[in-house]
Amino acid sequence: MNQLLFFSLSALTIISALIVVFTRKPMYSVLSLIACFFTIAGHYILLHAQFLAITHIIVYAGAIMVLFLFVVMLLNLNTDSDQPKSGKLRIAAMIAAGMLFVTLLASLKATSFGEFAFPAPSDKGLVQHVGQRLFTDYLLPFEISSILFLSAMIGAVALSKKEKH
Amino acid sequence: MEQTAQMVPLNWYLFLSTFLFCIGIMGVLFRRNAIIILMCIELMLNSVNLLLVAFSSYSGNSDGQVFVFFIMVVAAAEVAVGLALLISIFRNIGSTDIDVLNKLKW
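Here the protein sequences come in this chain order: A and B.
First residue of the first sequence: 1, per the numbering used here; consecutive thereafter.
First residue of the second sequence: 1001, per the numbering used here; consecutive thereafter.
In case anyone wonders, no lab produced these hints; they're calculated from the structure.
Accuracy of the hints is not assured; some may be wrong.
To be verified - Label pairs and their calculated CB-CB ranges:
#1 A:Leu126 / B:Leu1101: 42 to 50 Å
#2 B:Val1048 / A:Pro121: 22 to 30 Å
#3 B:Leu1101 / A:Phe70: 35 to 43 Å
#4 B:Ser1088 / A:Glu143: 28 to 36 Å
Don't be surprised by glycine CBs; every beta carbon is placed ideally from N, CA and C.
So that you can see chain A by itself, here it is in the shape it has in the complex (with noise of 0.2 Å):
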C-alpha cells in the first residue's frame, strides 16, 4: 500500500517538475507547479509529517503560487513569448542536468547512510510536538525569521513601487 502511493505520488511529482521546465506557457508552467507541489505534500503526509504538509500547502499552493499567478497575469506573459534557447545549449544543458544527476546517485551510492527503518505511526509531527519545539529549542530563529519577513516586506514593497519622475 505505501509503496504504490510512494510511486503514483512520485510519478505525479515528477511528470508535473518535467511539464514545468518544458511547456512553452508560462500560465501552464506555475499550474503544473502547484500540482507538483500538492504532490509533495502527499509525500510529507506518507512520512508522518502532517502539519508540515499542511503549511506546505498553504504558504506554497497558497502564498507562493499565487504570486506567481499574479505576476505572469500582470506581465501578461501568457501569449508565447518565451522562445527557447537555441539547439545547442538546450542540449548542453540537457547533458550538464544528466552528468550532475550520475554524479549525485554515484556518490549516493558509495555512501552508507546506517540502517533506517520505515517509520512507525507517530505523533512526531503533529503541530503539538513540531510547536514544542519550535518554542522552546528554536525560539531565537524563528523572532528572528519574523524580522527577515519584515524587511522582504518592506524591499518587496519599495522595489516594486514606481519611481517618480
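Use these hints to put chain B onto chain A, whose structure you have.
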C-alpha cells in the same frame, strides 16, 4: 511480515529528490524567462525539503521538520523580493528575457 515487505526504503526518497533537483537545474539552464527560472529554483528548494523531511522522519527526530519550516519562511521572503525585482525590471526594460539582461555578463 506482510507489513515489512511493503516498506519504502530511504534510498527511494534519495533518488526521487536527486531527480527533482536535477530537473530544477535543467530548468534553470534551459529556460530564458526569468519567472520560470525562479519557479525552477522553488522546485530545487522543495526537493531538498523533501529529503530533510524523509531523513527526519526515518530517524525519528523532528529537528528536520523545524528546518523545513524555516526554509519555507526564507523561500517565501525570497519569492516576494525576487518577483518585485522582476516587476521593476519589466517596467524599465519591457521584458523578462534573461538574454536581454546581459549588461553584467563577463
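Hints, verified against the model:
no.: 1; hint: A:Leu126 / B:Leu1101: 42 to 50 Å; in the structure: holds, 46 Å
no.: 2; hint: B:Val1048 / A:Pro121: 22 to 30 Å; in the structure: holds, 25 Å
no.: 3; hint: B:Leu1101 / A:Phe70: 35 to 43 Å; in the structure: violated, 22 Å
no.: 4; hint: B:Ser1088 / A:Glu143: 28 to 36 Å; in the structure: holds, 30 Å
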